[in-house]
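**Student:** Mind docking chains B and C on chain A? Use the hints.
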Amino acid sequence: MNILETKGLTKVYGGVVANADVDFTLRRGQITALIGPNGAGKSTFVGMVSGRIPATRGQVFFEGRDISALPAHKRIQLGMAYTFQITSVFRGLSVYENVALAAGRTLSADPEALDRRITAVLERVGIKDRSRQIAGDLSYGHQRILEIAMGLAQDPELFILDEPTQGLAESEVADFINLIRTLAGETTILLIEHNMKVVMEAADYITVLDQGMLLAEGTPAEIHANAAVQAAYLGTAVDA
Amino acid sequence: MDFGPHLMLATLEGAVIAAILVLTAMGLSIVFGVMRVVNVAHGEFYMLGAVLAWFVTSFLGGHPAIGFVAAILIAPLLVGLIAAAADQLVLKHIDYDPDRTIVGTIGILFIIQQTTLMTFGPEARPVAAPFNQRLALPWFEFTDNGFEMFWPWGLSITSYKLFVIAAALTVLVALWLFLTRTRIGLIMRATQQDSETAQAFGVPVGLVYSCVFGLGAALAALGAVLVVPIQQAHYLMGADPLLLSFIVVIIGGLGSLPGTVIAAILIGMSDGIISVFFSPTLAKIIATFLVAMVLVFRPQGLLGRTST
Amino acid sequence: MTRFSKADALHLGILAMLVIAFFVLPTYHVGAVSRIMVLAVYAIGLNLLFGYTGLLSLGHAMFFAAGMYGFGLAIKFMAAPVLLAFVLALIAAAALSLVVGLLALRTAGVAFMIVTLMFAQTAYLVVLYFGEFTRGDEGFVLQQAERLLLGFDVTSETGRYFVAFSVFAICFLGFARLVQTPFGKRLIAIRENEERARMLGYDVGRYKLLALIVSGTISGCAGALYALLFGYVGATFASVQYSILPLLWVLLGGAGTTIGPLIGVMFMFYLIDASSAYTNSYMLIAGLVLVLLTMFAPKGIAGILRLRVMPWLP
Chain A
9 MNILETKGLT KVYGGVVANA DVDFTLRRGQ ITALIGPNGA GKSTFVGMVS
59 GRIPATRGQV FFEGRDISAL PAHKRIQLGM AYTFQITSVF RGLSVYENVA
109 LAAGRTLSAD PEALDRRITA VLERVGIKDR SRQIAGDLSY GHQRILEIAM
159 GLAQDPELFI LDEPTQGLAE SEVADFINLI RTLAGETTIL LIEHNMKVVM
209 EAADYITVLD QGMLLAEGTP AEIHANAAVQ AAYLGTAVDA
Chain B
21 MDFGPHLMLA TLEGAVIAAI LVLTAMGLSI VFGVMRVVNV AHGEFYMLGA
71 VLAWFVTSFL GGHPAIGFVA AILIAPLLVG LIAAAADQLV LKHIDYDPDR
121 TIVGTIGILF IIQQTTLMTF GPEARPVAAP FNQRLALPWF EFTDNGFEMF
171 WPWGLSITSY KLFVIAAALT VLVALWLFLT RTRIGLIMRA TQQDSETAQA
221 FGVPVGLVYS CVFGLGAALA ALGAVLVVPI QQAHYLMGAD PLLLSFIVVI
271 IGGLGSLPGT VIAAILIGMS DGIISVFFSP TLAKIIATFL VAMVLVFRPQ
321 GLLGRTST
Chain C
25 MTRFSKADAL HLGILAMLVI AFFVLPTYHV GAVSRIMVLA VYAIGLNLLF
75 GYTGLLSLGH AMFFAAGMYG FGLAIKFMAA PVLLAFVLAL IAAAALSLVV
125 GLLALRTAGV AFMIVTLMFA QTAYLVVLYF GEFTRGDEGF VLQQAERLLL
175 GFDVTSETGR YFVAFSVFAI CFLGFARLVQ TPFGKRLIAI RENEERARML
225 GYDVGRYKLL ALIVSGTISG CAGALYALLF GYVGATFASV QYSILPLLWV
275 LLGGAGTTIG PLIGVMFMFY LIDASSAYTN SYMLIAGLVL VLLTMFAPKG
325 IAGILRLRVM PWLP
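Protein chains in written order, with our numbering: chain A, 9 to 248; chain B, 21 to 328; chain C, 25 to 338.
This is chain A alone, in the form it adopts within the complex (with noise of 0.2 Å):
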């Protein structure tokens, strides 16, 4: 069974066409990489997917059951994690306070096991020697650590990453790629992706969206070798 399935869904905003009928099937334990040239409507569909975004119709499955009318907080509970697009942590929080609210909407009650998870993901994201510092203090590129962390110490089936990698270093980059692969098999990823070397090297499937339309899927090697997704970010027409 796929993790995650959307059927014919549909943003319109005030008339423009975000997405269109998208029906989409993510791979429970894979990492799907989502691109598409600016524009296409990745976001609004992952916003849509969240419940950030309401659907103007359309319906999306999780774990084969109908989630469309879910706020989003109730589909994060399902077992969704979701990061933002634009570096969202709580600025006038510690390292550890941030990252205990992401754990603590299910591990509040143990006050051990919330610590050990914190510890643990603020470990594997390596930024446990600044779990006392005010988060707004960090600097950018340790605020989408911290970002990823609190979508990891969710402990989500499905994690949802908006450009995760946005105005990070080339190192940075290096680093995200060798923890993104590390989690492979442990839960389902779907990242939003301009950078081609992540998309390249990280995603095991790919898909494709292109003017709020689903354009192509595939092995990154499929979808290299595929013209009219070269057409889309080149911008030439396919011929006919």
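Treat the hints as calculated values from the structure; they're not laboratory data.
The reader is advised that the hints may include incorrect statements.
Looking from chain C toward chain A, a few residues come up when the C-beta cut is under 7 Å (computed) [claimed, not checked]:
hint, residue
1, L202
2, P206
3, A213
4, E216
5, N217
6, R220
7, R222
8, M223
9, G225
10, Y226
11, D227
The beta-carbon is built from N, C-alpha and C at its ideal position, and this holds for glycine as well.
**Tutor:** For chains B and C alone, kept in the frame of chain A given last:
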């Protein structure tokens, strides 16, 4: 008096209230529209206008018309300058943060109100109208003798009240010309559209904000100068216009000027009519509650467009 | 962890000082501190919503008044015993908070401020409209005989001080505890970043509603306590001014700190007290302080302390 003439009288009184309200609410609406802040001290600028009008007329003495003309020129100007100074001193300093502006203008509200109490005193003071002829109004009715015109006792209005309505209309047209036909008006509207872009194109946004804040307060003061010959000046008189202006701006759609005009006429008229027939407290309870509900369920205003 | 014990020591120390104050202060100041403690309970109520959840209500006077009138009217018209009247007052405040919350929380930001302001104004006008029962602006007095708390006279200076102290202590310590619980932490999370909190799976709307109900009920508790200890119920306490004052106290003392409300009320009280030699218009002072705070010290006294000397301050 019969119901018909009674209603006509209420409508006329309502039109006077609407005329004043349209000016006061426009002031609040322009400030919100351009600067995106809510000025809770708006009612106090209105009150200051009324008190200054009393001060100017009693200082000049002589024929009421002299004092009135002087007041209508001086009071709005002074109030506008005070408001612009408050903008430069306080609002600019807190960078027009919406929440902090509300708290700051609440502080300004009390400062103006209490300073007025300490200098002007707690008495209500009248200002003489420049002219005040009583004009009896006719009423038409079908009687046994056919269509008849007669003059019901008590159905009348003063020439001054008609003047208020005309003056408000004139100011409104002038304001519209100012905003659409002058360079400064254009700059204000550009700033309203996008203050950052305006800044990038060399618009002195800080100065524009002070002008807008001053203009908004001056409009309230102008409304107050017009109202003092009908209603006496008092240091607590700012509360009702503030509430009514809020109501108008919310119903009209936050920051929409045409919406503000339509809503002011609607609210002013119905306030006039309701308070003639019902207890004013009950009318206020209903009005306040309904407007809060409008804000809860239709935040874009009754007349505003729905955003998708 | 030392962080917690430091904070606990501070809270208990403050309470100990309030007990000592009763024995060392002259009568006038004992009376003043009784009043300060009652008003500080009110400020704690607003602080939970404004300081911790980030929702600025400009209409908290309606909850204070709900408690005050719930208590006063129960005594006046039902001849209810004090404890029962107190419980009724809390129920009235909680019920009003629930209704206001369900409606007002559909809005956010500036609209929330204006909606709460207008609901409070409606409540104030309702009090005036039913002047037959509430005696409107004039208000009514509760007789000494009607204010016996389990046979205990609360109208004496001592009785009043220790009843005020007990309720304050419960609210103060309870509040300090509350903001350390997961519930409190989640309110802070909503204040810091509502969208992030929602996308961590928290039902933000429900938490805000709960915060508003607890906040409104604490404020109502302060209103009932005021009526009990000072024997007066009047419409002034429902007016806009009494929505603005707690905001001023919380801002002055430090929004989002446990000790801020008490510090704010105490500072403001003695500031007005000291200025009364020069002017009797205390709202002028309030206005000036409000503007200056907004401009120069939006974090308030405790906020500055936390920033400069005591980073562990809860």
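**Student:** Are the hints correct? Go through all of them and say.
**Tutor:** Results for each hint:
Against a cut-off of 7 Å between C-beta atoms, the interface hint on L202/C is violated, since the closest Cβ of chain A lies about 14 Å away. This hint holds: P206/C has a C-beta 4 Å from the nearest C-beta of chain A, less than the 7 Å allowed. With a cut of 7 Å, the hint placing A213/C at the interface with chain A holds, because the nearest CB-to-CB distance is about 5 Å. For E216/C, the suggested interface contact is upheld, since its CB lies about 4 Å from the closest CB of chain A, less than 7 Å.
The closest approach between the C-beta of N217/C and any C-beta of chain A is roughly 5 Å, which is under the 7 Å cut-off, so the hint is satisfied. Evaluation of the R220/C hint against chain A yields a held restraint, the C-beta minimum of about 5 Å falling below 7 Å. Taking 7 Å as the C-beta cut-off, the interface hint given for R222/C holds, the closest approach to chain A being about 5 Å. For M223/C, the suggested interface contact is upheld, since its CB lies about 5 Å from the closest CB of chain A, less than 7 Å.
The interface hint given for G225/C holds, since its Cβ lies 3 Å from the closest Cβ of chain A, which is under the 7 Å cut-off. Look at Y226/C: its Cβ gets to within about 6 Å of chain A, closer than 7 Å, so that hint holds up. For D227/C, the shortest C-beta to C-beta distance to chain A is roughly 5 Å, which falls under 7 Å, so the interface hint holds.
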